[in-house]
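**Student:** In case you want the letters, here they are:
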Amino acid sequence: MRIWKTVPGWMMVGVMSLALACGGGGEKGGDAAEPESGEAAGAADYTTVDPAKAATVTGKIKLTGEAPAMPAINMSAEPDCKGLHQSAPPAEVVVASNGMLQNAFVWVKSGLNGKFMPSTTAVHLDQKGCIYRPHVLAVQVGQPLSITNSDPTTHNVHPLPTTNREWNKSQTGGGAPIDYPFPRQEIMIPVKCNIHPWMRSYISVVDHPFFGVSGADGSFTIKGLPAGTYTIEAVHEKFGSQETSVTVGDAESKDIELTFSAS
Amino acid sequence: MSPSVTLSPKTLNSLSPQADGEYPASRGLHRFAVFTAASTFCLIVAGALVTSRDAGLSVPDWPLSYGRLMPEMIGGVFYEHGHRMIASFVGFLTIILAVWLWLGEQRRWVRNLGWVALGAVIAQGVLGGMTVLFLLPTAVSVAHACLAQLFFSATVVLALVTSRSWNRPDMESQPRDPETGSPSLPALCVTANCAVFAQLLMGAALRHKGLGVIPHLAGAAVVAAVVFWLMARVARHYSGVPAIFSWTMALNGLVMLQLVLGAGAYWIREVTRDAVQPLWPMVGITVGHVALGALILAVSVVLTFQVRHVLGRRHESLEPQGVPVTT
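Just so you know, the sequences run in chain order A and B. For the first sequence, numbering that gives the first Met the number 0 assigns the number 0 to the initial residue and increments by one for each residue that follows. For the second sequence, numbering that gives the first Met the number 0 assigns the number 0 to the initial residue and increments by one for each residue that follows.
Derived by calculation from the structure, the hints in this document are not laboratory data. Keep in mind that this is a model prediction, so the values were computed, not measured. Among these hints, one or two may not hold up.
Selected chain B positions facing chain A (Cβ under 8 Å, derived; list incomplete) [said to hold, decoys possible]:
{"id": "1", "residue": "A54"}
{"id": "2", "residue": "S57"}
{"id": "3", "residue": "P59"}
{"id": "4", "residue": "D273"}
{"id": "5", "residue": "A274"}
{"id": "6", "residue": "V275"}
Example chain B residues on the side facing chain A (calculated, C-beta under 10 Å, incomplete) [to be verified]:
{"id": "7", "residue": "D53"}
{"id": "8", "residue": "G55"}
{"id": "9", "residue": "L56"}
{"id": "10", "residue": "V58"}
{"id": "11", "residue": "D60"}
{"id": "12", "residue": "Y65"}
{"id": "13", "residue": "P70"}
{"id": "14", "residue": "E71"}
{"id": "15", "residue": "I73"}
{"id": "16", "residue": "G75"}
{"id": "17", "residue": "V76"}
{"id": "18", "residue": "F77"}
{"id": "19", "residue": "E79"}
{"id": "20", "residue": "V131"}
{"id": "21", "residue": "Q276"}
In this text, a Cβ means the ideal position worked out from N, Cα and C, and glycines have one as well.
Assemble the whole structure, with the sequences as input and the hints as a guide.
**Tutor:** This is the structure in structure tokens:
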């Protein structure tokens, strides 16, 4: 009897099919941490911008209409988390004051030419008070991202990308940092903790260094741009995206506004 | 002189336990099967809680939890590991049930159903592990959800067919008039089973983001239509057969309640869209919707078995050919 007619044969076929269909355990989608092009670029291949000619785009992210009131996060089922706050903290989905919107990711969506060297400076995402801090952050493709847990309790870190690889790792309080450089450009990747379901953060991964996140006063700054005409996009987790076009010359600074509507 | 009746060998075989006053399956086995089915229902509720609380990946490893048999039961870990503990318990019960049936049950198909249930619970465990290790792939999550419903129905059928009422049916209860409709009542019951299972499949796909809500809404309409058709048919021809009538009424009641719960689950999700989830009203209604779905499938399957059982015995008792028996 040929092997494919035997039970062990079928089992082998099944296991192999499963392996092919599902990929590696604990992670899914995308490839390993490789650059998007699949080739490691040498330093000479990267575009450099003369600091003396670098342009800057600054601006404000505004919100028209009445900002929705954010409910308090109910941590009563988790004494380890609740004890870290004097009162229940509000959700951070919409943080706005005086018509200015915080936590919008702003980036140069198009208009750039060339390839830009990833920064080697690590970006930090911390879990503190059973909340991700910051709520929105951005890194360059291949830039080190260090995730820490300052809480006394265990969290699991679970990004939900669509083009990068999904993974899920637990991290004990004060445990070793999780380091992961995202290899592909992807905007607003949700990150959640399944242990504490209110915890959510968003990571944007961009293949150049020209991006920012709006602060409490709605302001942002994008520095070091070469002269050119660019599409600037702002992305917010609830209000979607807004974009505008801006042209900057050598060493020029331009101020722009992007406005979301709460209605 | 003793009266003589003519019975087929098949009928003789099926009626012999009654004639002897014996009970083919022990009362202890039946009670154990009921306990296994009830535990399985609790397991389905626990599994639904895991999904509703988005706790499926709160334990990133499998088969151990954080490398241990008993992790710290915090947050989502309570739901995920609790689900694993109940699943292990149900698996253990199913092993005992299958072996008990193998040793103490005369009917081969019932013994085989015990082994099928055991195979299903093992497969279910593997699927559950795959959902964790492969980060909730939709196909595996849906398969895990649907196999749970089938396994629950299998345990309910085992509880049914080991019961005293199954083995001593009320032979005096007969249809009011001959059933000549098309499709036949057994075929209509099987149609209802298929419609309910397809609806569970679409519901699981909706829950695990594999499908939108429209197929599930259409499925609800189909299930309601088939079940109401079934009710009309049974009310007309089988109202005097409690084993059929009562299960049909139960099925209809559950389906109507499920329609209300389904609407409620959709409504609560919409009105709490901006809230920090999971909120207990949302969790409670959706878990109830899932659990009631499992009950509906189980009751529809029980109804199919009852119909085949009662009508089959009636037809056998009317068979013209057989061996003469002196009583």
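**Student:** If a hint holds in the structure, say so; if it does not, say that too.
**Tutor:** Okay, the hints, checked on the actual structure:
1. Among the interface hints, the one on B/A54 holds; its C-beta lies about 6 Å from the nearest C-beta in chain A, closer than the 8 Å criterion.
2. Interface hint status for B/S57: upheld, as the beta-carbon distance to the closest one in chain A is roughly 4 Å, under 8 Å.
3. Hint status for B/P59 relative to chain A: holds, with the closest Cβ pair at about 5 Å, below 8 Å.
4. For B/D273, the interface hint holds, since its Cβ comes within 8 Å of a Cβ in chain A; the closest pair sits about 6 Å apart.
5. Interface restraint check for B/A274: the shortest CB-CB distance to chain A comes to about 6 Å, inside 8 Å, so the restraint holds.
6. Among the interface hints, the one on B/V275 holds; its C-beta lies about 5 Å from the nearest C-beta in chain A, closer than the 8 Å criterion.
7. With a least beta-carbon distance of about 5 Å to chain A, the hint placing B/D53 at the interface is held under the 10 Å criterion.
8. Annotation: interface hint on B/G55 holds; nearest CB of chain A at approximately 7 Å, less than 10 Å.
9. With its C-beta approaching chain A no nearer than about 5 Å, B/L56 sits inside the 10 Å limit, and its interface hint holds.
10. Because the closest C-beta pair between B/V58 and chain A is about 8 Å apart, less than 10 Å, the hint holds.
11. Hint on B/D60 holds. Least Cβ distance to chain A is approximately 8 Å, under the 10 Å limit.
12. Given the 10 Å rule on beta carbons, the hint for B/Y65 holds: about 6 Å separates it from the nearest Cβ of chain A.
13. With a cut of 10 Å, the hint placing B/P70 at the interface with chain A holds, because the nearest CB-to-CB distance is about 9 Å.
14. About 7 Å separates the beta-carbon of B/E71 from the nearest beta-carbon of chain A, less than 10 Å, and the hint is met.
15. For B/I73, the interface hint holds, since its Cβ comes within 10 Å of a Cβ in chain A; the closest pair sits about 6 Å apart.
16. Residue-level restraint check for B/G75 holds (minimum Cβ-Cβ distance to chain A is 4 Å; threshold 10 Å).
17. Here the hint on B/V76 is kept, as its CB sits about 6 Å from the closest CB of chain A, short of 10 Å.
18. With its C-beta approaching chain A no nearer than about 9 Å, B/F77 sits inside the 10 Å limit, and its interface hint holds.
19. Because the smallest distance between the Cβ of B/E79 and any Cβ of chain A comes to about 8 Å, under 10 Å, the interface hint for this residue holds.
20. For B/V131, the interface hint holds, the least distance from its beta-carbon to any beta-carbon of chain A being 9 Å, beneath 10 Å.
21. For B/Q276, the interface hint holds, the least distance from its beta-carbon to any beta-carbon of chain A being 6 Å, beneath 10 Å.
The structure meets every hint from the earlier list without exception.
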